[in-house]
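Q: Given next are the chains, with one letter for each unit.
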Amino acid sequence: MNAELGQADAAPEPVLEATGVVKHFPVQRGIVVKRTVGHVQAVDGVDLKLYAGKTLGVVGESGCGKSTLAKLLVGLEPPTSGSIKVLGKEIGNLSSRRIRPVRRDIQLVFQDPYTSLNPRMTVGDIVGEPFEIHTDVIPRDKRAKEVKELLDMVGLSPDHVNRYPHQFSGGQRQRIGIARALALRPQVLVCDEPVSALDVSIQGQVINLLERLQEELGLAYVFIAHDLSVVRHIADEVAVMYLGKVVEHGTSAEIYDHPRHPYTQALLSAVPVPDPDLRGHREEIVLQGDVPSPINPPSGCRFRTRCWKATEKCAEEVPGLDVGDKGTHPTACFYAEERDVTHAVK
Amino acid sequence: MTELTAPTAQSEVPQASLWKDAFRTMARRPDVIFATLIMLFVFTMAAFPGLFTDKDPTRCLGRDARLRPDTWFTGEHPLGTDGFGCDFAATIVHGTRPTITLALTVIILSVLIGMTLGILAGYFGRWVDAIISRALDVFIVIPLMMGAILLLSLFRGRGSSGNLLETVGPAALALTLFGWMEFCRYARAATIETKNLDYVTAARCLGARDRRIMFKHVLPNAIVPITAIVPTSLGSVIVAEAALAVLGIGVQPPATSWGVLLSNGTQWAGGGYIYLFGIPLVLLILTVFAFATFGDALRDALDPKLR
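Chains as they are written, first to last, in this note's numbering: chain A, 1 to 346; chain B, 1 to 307.
So that you can see chain B by itself, here it is in the shape it has in the complex:
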């Protein structure tokens, strides 16, 4: 009875659960370890800026303006100074927290809202789907920038006391409100695809409630396309915030963000001060790369077939 013999291709490691197995698989990949290190670096900068610089980013001296970082990572200004004479290293390090907080808040809220609505719409169909899908259409029709600008005008001129919530709150709200639709559409499509599969019918035949089917069977499938778009969305949120910053309605001063630095840096990049533009850009690319690699590996690790 060859039918009954075990498939012996895989080495017999004790498998525990989908998530534990996924973690074990990911810990073996060098690119994932590299991405994790970058993420750790960025998160540490966000959490403890004091570890990386002892300068105050708001203490700017005009006579020190536009000092190129000739000494590179040593001396008075390790990364030079910007157009107003502020220490650039300190500016970047202190700009990390608002940037990361904003990006993660927007992504997490968007994914939560989008997935919930998408799964509900796809699973229940009928009028639930009709309402959610029409709302989706309405939000898609409004361009992100226009919606955000209109919404943020309400908060304009309020100033900020340096409180993180006040600094990034309005921008996060605006970007979430006009950013959840993509996740919703992907989740809805994946749900519609999954809900008619035999294993969902089997669960229903066993008497499973809707909630159980949605969490156990539909959600793991709906997450797959979403993990693929989260990293790129993360990048676009940071860039969108930069655009809002140009209009003065993004992260509220005196706080700064990578987006603000990017948009300020473009003014100087042509004049030989390319580092003012290049360093935030490299940071942004590295961060997006890290999230993309991590998300990609997570998706592969969560798919037993690819393991």
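Bound conformation, chain A alone:
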């Protein structure tokens, strides 16, 4: 669907490809005899393609399935159906033993740097753990040196190997987490809200670090966030998620400057205007109601319950993620139409 976006890079094979990925969690009742009373449809048919050296941003509000998608992509959860390919290798249905070699190629950066590091291990042990799991990567006597190089690479002093995580600040901890994820030299890094737990001043530093690492190592990122401006800064392509589905997918410029899906427009219009003089001079869309339960999502288009354009057709048919007649990028809406909600004009 987005073949033209990747071809510019002359990389025919995506490093990460998800096709029709579905993840349903059963909701069970009963103590002795468990019966399934429904499914949480956390991720429902997501297609993604990520090319080497590129960044794909995934945005959406809380509970739309972003984190589940991250876990699926790195193989921590098996998908209910669909396929996930890392460097062309299917990981969706691998056993925990068979998936181990693939783990070298795709790693996860966590949201909360305070819970993602074992408080009882020194930084050296944390960053060196990947080498103890994959013992054939680096011989034992060279591991200490490699750990120091990794710390240096993420901007920490190599002399800190003997310290414990609590002796570091949030930003430094996140750097340690990034160093651990990079230890096995993966090609893809899935960042699950990597900066949302940090102070704004530190967020910039970590984002810059990620950009520098991407340049140096040729990494591809899946960058999951709910902060639209952060994603705009780092992402080449953006996918907007709502209730487990991608509703709009395009380049950064297409999504931010020419949003076509009503949900994207509503999201973007909620971003504060930095210039106080221009406040109130921009169209603002305030959505009504809450996100419906993913256990029992609305029929047809999942956004229809909160959409001002919804008609009967929206309740009966599921809109596909299509470019449409006059469109520029794939949008899952029957009434997709560009609307300027990002530019405030006096």
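Simulated from the structure, these hints should not be mistaken for lab results. Being a predicted model, the structure only gives us computed values, none of them experimental. Beta carbons: idealized from backbone N, C-alpha and C, even for Gly. There is no bait here: all hints are sound.
In silico lysine to any residue, SDA-like type, Cα no more than 20 Å apart, as pairs: (1) Lys34/A / Trp127/B; (2) Lys195/B / Ile133/A; (3) Lys195/B / Pro119/A; (4) Lys89/A / Gly207/B; (5) Lys71/A / Thr201/B; (6) Lys20/B / Ala297/B; (7) Lys20/B / Val161/A; (8) Lys20/B / Asn162/A; (9) Lys20/B / Asp159/A; (10) Lys195/B / Asp112/A.
So the derived label-pair ranges between C-beta atoms look like this: (11) His226/A / Ile142/B: 49 to 55 Å; (12) Asp290/A / Lys20/B: 52 to 58 Å; (13) Asp290/A / Leu112/B: 46 to 52 Å; (14) Gln28/A / Val141/B: 23 to 29 Å; (15) Ile31/A / Leu150/B: 27 to 33 Å; (16) Lys20/B / Pro276/A: 53 to 59 Å; (17) Val128/B / Ser293/A: 30 to 36 Å; (18) Gly45/A / Arg209/B: 29 to 35 Å.
Which residues of chain A face chain B? A few of them, derived with a C-beta cut under 7 Å, are: (19) Val74; (20) Leu76; (21) Arg100; (22) Arg103; (23) Leu108; (24) Phe110; (25) Thr115; (26) Ser116; (27) Leu117; (28) Asn118; (29) Arg120; (30) Pro130; (31) Ile133.
Please build the complex by placing chain B on the supplied structure of chain A, with the hints as guidance.
A: Below, chain B alone, put in the same frame as chain A:
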């Protein structure tokens, strides 16, 4: 870039490993040193009773019965004699080995069984948890005393040849069998709490096997609540053994234990022979205190945040 400067609050000592650092921290605390000295004293009594007394605890003379220790630590009977005329110092010293052996055996076995089952149950959940948790319930429902009495009746009247295993074996077996549940519950709870933390997910994402996650990430967390209950359990094992001794199914005679002395001592304590009760009690309290202090310090030392 203040972000990159090192936190300089701590003096930069070369840190080696969690355990070495813990040892260094503990060696600096006076209460830990005191506790260690008490433990050393008790263990030396258990290992080499000959160093502390030259009397035979089984050589009792009726005419010497209930001699108060007026001379205190000197003379023929440094701590007096008991109701049957046995030298009390010798009785206590020779009773240390069965007591300590029994207590440590029970605690070590209980912790091993409890932690293993608890971590397995908490980590794997599902049917493993169901089986272990139901077994746990069954054992918790049986009162310790009743279970121990029923079990030990099997060994009753066998007598003992003085062999340590035969002396404390049955009691240790009974107390372990009905004493591991508490450790199991604590370990299970700590495991369930830990296994969903991000750093465990990170390890799994790196490809760590279950065994590695359990030993490296879950176990250090599960040990924390357990170090807190081990010292008190140690005391209660010694007291429980005393209760079994009253029924004649604890440590087998002619061997004796602090528990036996305690229960015998209560009969005389009211009649002005309070030392027969007081001295074993003080020993017991000191020992439990030493283990508690040591365990507490160990837990603090193993937590880098408290260092």
